[in-house]
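Protein chains in written order, with numbering that gives the first Met the number 0: chain A, 0 to 442; chain B, 0 to 424.
One should not assume that every hint holds.
[To be verified] Quick list of in silico lysine-lysine cross-link-like pairs, BS3-like style, CA-CA up to 25 Å:
(1) Lys185(B) - Lys312(A)
(2) Lys196(A) - Lys293(B)
(3) Lys149(B) - Lys165(A)
(4) Lys148(B) - Lys165(A)
(5) Lys371(A) - Lys76(B)
(6) Lys113(B) - Lys381(A)
(7) Lys441(A) - Lys149(B)
(8) Lys265(A) - Lys113(B)
(9) Lys138(B) - Lys145(A)
(10) Lys138(B) - Lys441(A)
(11) Lys368(B) - Lys347(B)
(12) Lys312(A) - Lys76(B)
(13) Lys371(A) - Lys147(B)
If you are wondering where the hints come from, they were derived from the structure by calculation, not from laboratory data. From a predicted model like this one, the values you see are computed outputs, not experimental measurements.
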Amino acid sequence: MSRIYQITIFLVVLFATFITDASIKFSERLEEYSLENGLKVILIEDKRSPAVINSIWYRVGSSNEVKGKTGISHILEHMMFKGTNKLGPGEFSSRVKEMGGTDNAFTSKDYTGYYQKVHQEDLEKCIELESDRMINLKLDEKQIEKEINVVKEERRLRTDDNPVSKTFEKIMINAFGMNNYGIPIIGTMEDIENTTKKDLQSWYDSYYQPRNAIVIIAGNFDKSKAKKYIAKYYSSIKNDKPLNLKKPDFNYTSRSFFEVQEDISKPIVFISFKKPKYSNEKHRELYALDLFIEIMDGGYSSRLTENLVNSKKIALDTFISNDTYNQHDSLIIIGGTPRGEVSSDEFITHVLDEFSSVSIDSISQEELDSAKARVKSNSVFKFDSVFYQAMQVGMLETKNISWETLDRYYTVSESITLDEIKSVGKSYILNNKPLVTVLRPKQ
Amino acid sequence: MRVLILTAVIFFSQVINATPTIEPIGDNNDYLYVQLNALPIVDINLSLKQGSISDGVMPGLTNLMLNSLMASDINNKKLISYFENVGAKLSYSVNKETVSISIRSLSDIDQIMKLLNLLNQALFIETIDNVNFNLQKDKIIRAISESKKKVSSVLESSISEKLFNETPLSHQPLGTEQSIMRITKKDITIHRDKIFNFDNLEINIVGDITLKDSKRLIGQLTNKFSKNRLIPFPQYHINAVEHHTEFDSTQSHLAVIIPAISRTNPDYHNLLVANYIFGGSGFGSWLMEEIRQKRGLSYSVYSYLSTYQDSGYLRISLQTKNENISLAKNIIREQIDKLKRFDVDNSKIKSTKESILRGFEMRADTNRKILNLITSINYMNLELSYFEDYKNLLRQVNKESIQAALARSVDFENISVFTVGKQIE
Numbered sequence: 000m001s002r003i004y005q006i007t008i009f010l011v012v013l014f015a016t017f018i019t020d021a022s023i024k025f026s027e028r029l030e031e032y033s034l035e036n037g038l039k040v041i042l043i044e045d046k047r048s049p050a051v052i053n054s055i056w057y058r059v060g061s062s063n064e065v066k067g068k069t070g071i072s073h074i075l076e077h078m079m080f081k082g083t084n085k086l087g088p089g090e091f092s093s094r095v096k097e098m099g100g101t102d103n104a105f106t107s108k109d110y111t112g113y114y115q116k117v118h119q120e121d122l123e124k125c126i127e128l129e130s131d132r133m134i135n136l137k138l139d140e141k142q143i144e145k146e147i148n149v150v151k152e153e154r155r156l157r158t159d160d161n162p163v164s165k166t167f168e169k170i171m172i173n174a175f176g177m178n179n180y181g182i183p184i185i186g187t188m189e190d191i192e193n194t195t196k197k198d199l200q201s202w203y204d205s206y207y208q209p210r211n212a213i214v215i216i217a218g219n220f221d222k223s224k225a226k227k228y229i230a231k232y233y234s235s236i237k238n239d240k241p242l243n244l245k246k247p248d249f250n251y252t253s254r255s256f257f258e259v260q261e262d263i264s265k266p267i268v269f270i271s272f273k274k275p276k277y278s279n280e281k282h283r284e285l286y287a288l289d290l291f292i293e294i295m296d297g298g299y300s301s302r303l304t305e306n307l308v309n310s311k312k313i314a315l316d317t318f319i320s321n322d323t324y325n326q327h328d329s330l331i332i333i334g335g336t337p338r339g340e341v342s343s344d345e346f347i348t349h350v351l352d353e354f355s356s357v358s359i360d361s362i363s364q365e366e367l368d369s370a371k372a373r374v375k376s377n378s379v380f381k382f383d384s385v386f387y388q389a390m391q392v393g394m395l396e397t398k399n400i401s402w403e404t405l406d407r408y409y410t411v412s413e414s415i416t417l418d419e420i421k422s423v424g425k426s427y428i429l430n431n432k433p434l435v436t437v438l439r440p441k442q
Numbered sequence: 000m001r002v003l004i005l006t007a008v009i010f011f012s013q014v015i016n017a018t019p020t021i022e023p024i025g026d027n028n029d030y031l032y033v034q035l036n037a038l039p040i041v042d043i044n045l046s047l048k049q050g051s052i053s054d055g056v057m058p059g060l061t062n063l064m065l066n067s068l069m070a071s072d073i074n075n076k077k078l079i080s081y082f083e084n085v086g087a088k089l090s091y092s093v094n095k096e097t098v099s100i101s102i103r104s105l106s107d108i109d110q111i112m113k114l115l116n117l118l119n120q121a122l123f124i125e126t127i128d129n130v131n132f133n134l135q136k137d138k139i140i141r142a143i144s145e146s147k148k149k150v151s152s153v154l155e156s157s158i159s160e161k162l163f164n165e166t167p168l169s170h171q172p173l174g175t176e177q178s179i180m181r182i183t184k185k186d187i188t189i190h191r192d193k194i195f196n197f198d199n200l201e202i203n204i205v206g207d208i209t210l211k212d213s214k215r216l217i218g219q220l221t222n223k224f225s226k227n228r229l230i231p232f233p234q235y236h237i238n239a240v241e242h243h244t245e246f247d248s249t250q251s252h253l254a255v256i257i258p259a260i261s262r263t264n265p266d267y268h269n270l271l272v273a274n275y276i277f278g279g280s281g282f283g284s285w286l287m288e289e290i291r292q293k294r295g296l297s298y299s300v301y302s303y304l305s306t307y308q309d310s311g312y313l314r315i316s317l318q319t320k321n322e323n324i325s326l327a328k329n330i331i332r333e334q335i336d337k338l339k340r341f342d343v344d345n346s347k348i349k350s351t352k353e354s355i356l357r358g359f360e361m362r363a364d365t366n367r368k369i370l371n372l373i374t375s376i377n378y379m380n381l382e383l384s385y386f387e388d389y390k391n392l393l394r395q396v397n398k399e400s401i402q403a404a405l406a407r408s409v410d411f412e413n414i415s416v417f418t419v420g421k422q423i424e
């Protein structure tokens, strides 16, 4: 057997023109435009394989929901596979499967997305299928009943039997009440059970309209043909109903400390800091915050691991979670697992010490350079997956943040100074009031 | 880096009609290489064909060894910090059959050579630091305790213990608390010297790197490997087991295991098509239709062929609320009977084959996936004509060949059923 073999998957390489400073840019391969009905279209070319991602993103997620109707965006996402006036339940996915493709969907706080990964020759069929369910969804009572049971099983799997997820859910509700990012994406069990056909129909009518959607096609496709298909299948769809964008906020009070008891082996501590929503004017400050967080806990050699795990030996692990582009007030959550006999209180003190003025002022240029090196390489690594390219663009565009933001991220980050890093560390963490949660083993 | 980037600009501005090739590096069939220049990324995977099966009387030894070595200090700095300071990624894992170390870096060969030199120093470090060693033990002991609180991990442990009883496959790679506490630093270095040998070693490289540089890189990475002999893979026979573990959860998790075949068995492609129709392809598969679509019993239900070099099995998995587990089990049994008969239209088989073949063309669409593919090809000792063989063998599949393969290669008389959850009266 010859040890040299031609892979029969034809990887025709016509990729991005490579720009200086290690940054591959979307702008070199991306085109955007809108149809007259307001549907936004973004085309991203990457011809490394014969596959293409056809995706559609609706600007609706759990943050649009209200108390008593939580989880409805997610249930509707499930129902979108249950048939239209033209297709029977499950037929959408069966058609994609016949093409050798895969399909799925996802619901987040700010958006609901659907995608198919297919051979470039099957792009038109997918666009037709996706446009059909934008207008012709058939909500059948029996199908809804069954799917609600499926979603309840999903909640049991992802949240109810998962102590850490359950605690995160409680932390968000404590911080924001049943408003915006406080609303669990999957919904409460009670709300899932009580969701009706009428609720779903109203949600679909309100949000599944061309002016509230973005089509993103990424991968190997003929651009002119793609445009032709999009015009053919989407341009006749009207925006029939007003967008339901306003909702009342419920009153809530955040507790500065609460405990959760679950069946776990060791306590886990969560220290949360409220963070205002992303604004373009503040982008430099927010990128500096990203770098600050990278320095503190972006890797296994970052400050929290180095100081708390390796040097002081008071933690088994640490973490920080942060969303750069939050559309509503959100949380920066810092935490970890105390080691050995270290109490939760001691652990909290040590973590907060890492964010003291003295500690923040001691951040070195070397630490900043290390964090920037990771931003630099990630700005290239993120282009390996075509699906992830579509995801990055979709996640921003659904929040009304231009995809161009992605191209400037590396350049802006590269120019951020040590003083800026220290300044955001102090304003977002040090001078901010922490909300503390301790997840303890059940007594 | 700037020089590298400018070189890349020239390269990427060309339109390349590339048909990438898998090549052995330096005529060594254990070192495989695919050149992909579209992105300035290099991915390297080093695999040892010995995972926790080589733990011997010390469950968790291989995993503790790898974690201790990778957390080494080189010149008073953690190994990982050298990688992170230049934006490179280093990841590692131990499963039952392999030790795997992966590196992803921008394509700066000098930088990669330096990192591999440091990795090599860490892997063959003479003295393991006490503080580091105790930290790794504490982390692993915590992970073991946590795994006992997680329904899915409890299920995996119970499968290993009951199904592979008294074989090196019977414990999880994490090991046991008692064993981890007993392991000494000397055990670690002895084990390291035993399994880090050329007989176990496979290296796979994908990305923006030349064959010549790949060869240099392997030299850098392996210059301390020994010539010890491979530890033979354990032989085992799966006996039918029905086992329930009581657990305080809202859902019960179910796994059904049917002895089947190895990846290199000639029946593999027949079973692949059968499994696709049965439960391996999500929506539209029998399991998904009966469990989720018709009855809403589970969010996730699937089956897959788990194939090793010498053996394998067909596994079915689902989770459902405790009250529904008996119903779900009965439906799975009915579907297994249906699979055994496999009375499926030829047109369905034809369309399934077309679907699999079409999907196969799109499978290798990222550098990472190509790396994973060649790592599997290497591990399974498949021919480098894998891509063509796969398609040719799949085209030959028909109803009769599937029925014959099911009768011959799936042991329907030896079905094991595992559940974890709360039994409801």
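The hints, checked one at a time:
As the CA atoms of Lys185(B) and Lys312(A) are separated by approximately 23 Å, the hinted pair is consistent with the 25 Å bound. Taken as a hint, the Lys196(A) and Lys293(B) pair is honoured in the structure, with Cα atoms around 19 Å apart against an allowance of 25 Å. Note on Lys149(B) and Lys165(A): the hinted pairing holds, with a Cα-Cα distance of about 14 Å set against a maximum of 25 Å. Only pairs whose Cα atoms come within 25 Å are accepted, and Lys148(B) paired with Lys165(A) is accepted, the gap being roughly 15 Å.
Of the supplied pair hints, the one linking Lys371(A) and Lys76(B) holds, its CA atoms being roughly 19 Å apart against a limit of 25 Å. Only pairs whose Cα atoms come within 25 Å are accepted, and Lys113(B) paired with Lys381(A) is accepted, the gap being roughly 24 Å. Taking the CA atoms of Lys441(A) and Lys149(B), the gap is near 14 Å; set against the 25 Å cutoff, the hint holds. With a C-alpha separation of about 39 Å, the suggested pair Lys265(A) and Lys113(B) falls outside the 25 Å cut-off, and the hint is violated.
Taking the CA atoms of Lys138(B) and Lys145(A), the gap is near 42 Å; set against the 25 Å cutoff, the hint is violated. Distance hint between Lys138(B) and Lys441(A) is fulfilled; the C-alpha atoms sit about 21 Å from each other, no more than 25 Å. For the suggested pair Lys368(B) and Lys347(B), the alpha carbons sit about 29 Å apart, so the restraint of at most 25 Å is broken. A hinted pair counts as satisfied when its Cα atoms are at most 25 Å apart, and Lys312(A) with Lys76(B) qualifies at roughly 17 Å.
Straight-line distance between C-alpha atoms of Lys371(A) and Lys147(B) comes to about 39 Å, which puts the hinted pair past the 25 Å bound.
Checked against the numbered hints listed earlier, the structure breaks hints 8, 9, 11 and 13; every other hint is satisfied.
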